[in-house]
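The whole structure should be built from the sequences, with the hints applied where relevant.
Chains as they are written, first to last, in my numbering: chain A, 1 to 183; chain B, 1 to 287.
If you're looking for bench data, these hints aren't it; they were derived computationally from the structure.
All of these numbers come straight from a predicted model, not from anything done at the bench.
Where hints are given, some of them may not hold.
Claimed, not checked - Just a few of them, taken from the derived set where beta-carbon distance is under 7 Å, the chain B residues facing chain A: (1) 11; (2) 46; (3) 49; (4) 53; (5) 54; (6) 59; (7) 66.
For glycine and all other residues, C-beta sits at the position ideal for the given N, C-alpha and C.
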Amino acid sequence: MYEMELVRRAKSGDTSAFETLVHRYWAKAYRLAESIVGSTDAEDVVVEAFVQAWKSLQNFRQQSSFGTWFFRIVINQAKQWQRKAANLPTEPLEDEFRLSDEELSFRDIEAIACEWDWQRKVKIAVQRLPEHLRLPLVLRFWDELSYPEIAQVLGIKESTARMRVASALRQLAIVLAKLEALP
Amino acid sequence: MTCQRVRQNLLAWVEGELDESQWLKLAQHLETCEHCRAEAQQWQRLISTLRAIAQSDGIPLVPPRLWHRLSARRRKLPAIVSLFVTACVAFLLGWGVRGIAMPSDPPKTTFVMERVTNDEGRERKGMRACKGAGVQASGLSLCAETLPSHTSSPLRVRSVSVSSGNDFDRLSPLPPSRLRFESSLALNGATAMALNTWRKRSFHLSSLPFRFNANFPTDEFDLDNLGAVWQEESVNPTADESGYRIFVQVTDLKEQVVRTVLVDRREPSHVVAEWSEQRLESESATH
Chain A
1 MYEMELVRRA
11 KSGDTSAFET
21 LVHRYWAKAY
31 RLAESIVGST
41 DAEDVVVEAF
51 VQAWKSLQNF
61 RQQSSFGTWF
71 FRIVINQAKQ
81 WQRKAANLPT
91 EPLEDEFRLS
101 DEELSFRDIE
111 AIACEWDWQR
121 KVKIAVQRLP
131 EHLRLPLVLR
141 FWDELSYPEI
151 AQVLGIKEST
161 ARMRVASALR
171 QLAIVLAKLE
181 ALP
Chain B
1 MTCQRVRQNL
11 LAWVEGELDE
21 SQWLKLAQHL
31 ETCEHCRAEA
41 QQWQRLISTL
51 RAIAQSDGIP
61 LVPPRLWHRL
71 SARRRKLPAI
81 VSLFVTACVA
91 FLLGWGVRGI
101 AMPSDPPKTT
111 FVMERVTNDE
121 GRERKGMRAC
131 KGAGVQASGL
141 SLCAETLPSH
151 TSSPLRVRSV
161 SVSSGNDFDR
171 LSPLPPSRLR
181 FESSLALNGA
191 TAMALNTWRK
201 RSFHLSSLPF
211 RFNANFPTDE
221 FDLDNLGAVW
231 QEESVNPTAD
241 ESGYRIFVQV
251 TDLKEQVVRT
261 VLVDRREPSH
271 VVAEWSEQRL
281 ESESATH
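This is the structure:
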């Protein structure tokens, strides 16, 4: 069923339609929340986000996709969660970002790629990105949003969204190189 | 094409968003520039990995508590209460309903008790009934005797639903606002209802701030009517990690019976209703 039809039905009180939306967006929302609050709290955040979405569905005017609207809720919930949480998420390691682009060592990263836990390291590296770079990256490659959609979710220009994703990839490479250097 | 220009367009190139002429120019540069080529390859690898992560395991299933939270917000909840047999004698021991309707000597009582679990209304496994129970100082003592199913108490919870949601939840400690009963609850003769919570398992209608009167019959009793009293007395959800319990007592003078319903939200995915029925054979209920 088309998403807009699902949304229309959900707005009219069809809970099964909303449940379909939950199943459709659960994994993506989880990845997005995980990138902000970490895996421990991601599930709670997404649950809250869906409850909030259900409560606020009447306010959704369908001028954007449900995903765009809902991911904003996820981000808001995650940030709210962060504020409440005593243990704030990992902040970027400042020294990692003092490196200039000239210090990029892609050969090092190639070596990391050979390791069996490459994906795990990438996830860690994503977590260490500063939020303004991490969120566009996650929305692009984990939630598969287009750049105009990312811009809409984050309230930034499309060109800014592209620039931040590119910067995120560069920073990711730096962080991965750092991770490789760790004992 | 310069390295700087390539870097500006690298993301679009990796994502296949460049038109043919731009793509060719960039590809030509990458053939000759080792540094840009290495970076492009790394970006391709990173993006590929990121997308693979999105598809990988490690994402938990939608937790049952989400469905409960959502269902709790439904205005019209379908009848979704089902039954399963329970041996809850031990649980009821210590459940001090002594004071409900026995001002002096404990009367002979008959208890019919069941535990109902909200599970989409698909299960209904019968009931266990107890007769000849006596009230002792420590609470109830019961001798179990299975009655034929569906002989049944008139007390039937069709559903226990929550219309304002967030009940019993550690995140949103709002009490439920609505309990819905079947008309066969026989509220017609009821003269009073009372609510109580986990921490006051033993209670008496006349001693509770939750006491209220309602106009019966009704098949849906809206706890919102309790207003401020209920809100003030809503229990602290952190008091018991296992969740909340709310007791609803219906004193039915006509049938000489006091019925107690327990709504239990210990299970995230279930609303459990448990009730006992106390038939007054020697005394009238006081309320």
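Status of each hint after checking the structure:
no., hint, verdict
1, 11, "holds, 4 Å"
2, 46, "holds, 6 Å"
3, 49, "holds, 5 Å"
4, 53, "holds, 5 Å"
5, 54, "holds, 4 Å"
6, 59, "holds, 5 Å"
7, 66, "holds, 5 Å"
Checked against the numbered hints above, the structure violates none of them.
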